[in-house]
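S.K.: Sequence:
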Amino acid sequence: MAAISREEVAHLARLSRLAVTEEELDTFAGQLDVILQAVAQVGEVAAADIPPTSHSVPLTNIFREDVVTPCLTPEEALSGAPDAEDQRFRVPRILTEDVAS
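Heads up: the sequence shown begins at 527 in my numbering, then just goes up one per residue.
Since the hints were derived computationally from the structure, they do not count as laboratory data.
Treat the hints loosely; a few may be bogus.
Unchecked claim - Restraint ranges, calculated between C-beta atoms of paired labels, are given here:
1. Leu585 <-> Gln563: 27 to 33 Å
2. Thr579 <-> Leu541: 29 to 35 Å
3. Phe615 <-> Leu541: 42 to 48 Å
4. Val546 <-> Ile576: 37 to 43 Å
5. Arg540 <-> Val583: 41 to 47 Å
6. Ala545 <-> Gln567: 58 to 64 Å
7. Thr586 <-> Ala545: 48 to 54 Å
8. Pro596 <-> Val546: 54 to 60 Å
Positions of the beta carbon are idealized from the N, C-alpha and C atoms, including for glycine.
Required output: the full structure, derived from the provided sequences and hints.
M.R.: In structure tokens:
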């Protein structure tokens, strides 16, 4: 695999709208080359007889059972609110109706 060039790094920086110095071009080229080599190594290890996985160990029963527990009544929840209306917290309006869609 060929090393990534300064020109390619500059092109990526332009696409990403990043301002980079000449010194950073050299630094990033070296760093990106190391990253690309590591990814290439992972690609070499991947074998057709190994199924793709999302986790290193199988996940089973990752969800807890739903259990109903006591909670606050609407009145208790709203008791400390500065303002409430129709069993809801009342907050200042921050959007107007003429929002462009």
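S.K.: None of the hints should be skipped; say for each whether it holds.
M.R.: Here is how each hint holds up against the structure:
1. Leu585 <-> Gln563: 27 to 33 Å: Distance hint for Leu585, Gln563 holds at roughly 32 Å.
2. Thr579 <-> Leu541: 29 to 35 Å: Since Thr579 and Leu541 have Cβ atoms about 32 Å apart, the given range 29 to 35 Å holds.
3. Phe615 <-> Leu541: 42 to 48 Å: Holds, since Phe615 and Leu541 (Cβ atoms, about 44 Å apart) stay within the stated range.
4. Val546 <-> Ile576: 37 to 43 Å: At 39 Å between Cβs, range holds.
5. Arg540 <-> Val583: 41 to 47 Å: 42 Å, holds
6. Ala545 <-> Gln567: 58 to 64 Å: With a Cβ separation near 32 Å, Ala545 and Gln567 fall outside 58 to 64 Å, so the hint is violated.
7. Thr586 <-> Ala545: 48 to 54 Å: Cβ of Thr586 to Cβ of Ala545: about 49 Å, so the range 48 to 54 Å holds.
8. Pro596 <-> Val546: 54 to 60 Å: Because 58 Å falls inside the window, the suggested range holds.
When the structure is compared with the earlier hints, a violation turns up for hint 6 alone.
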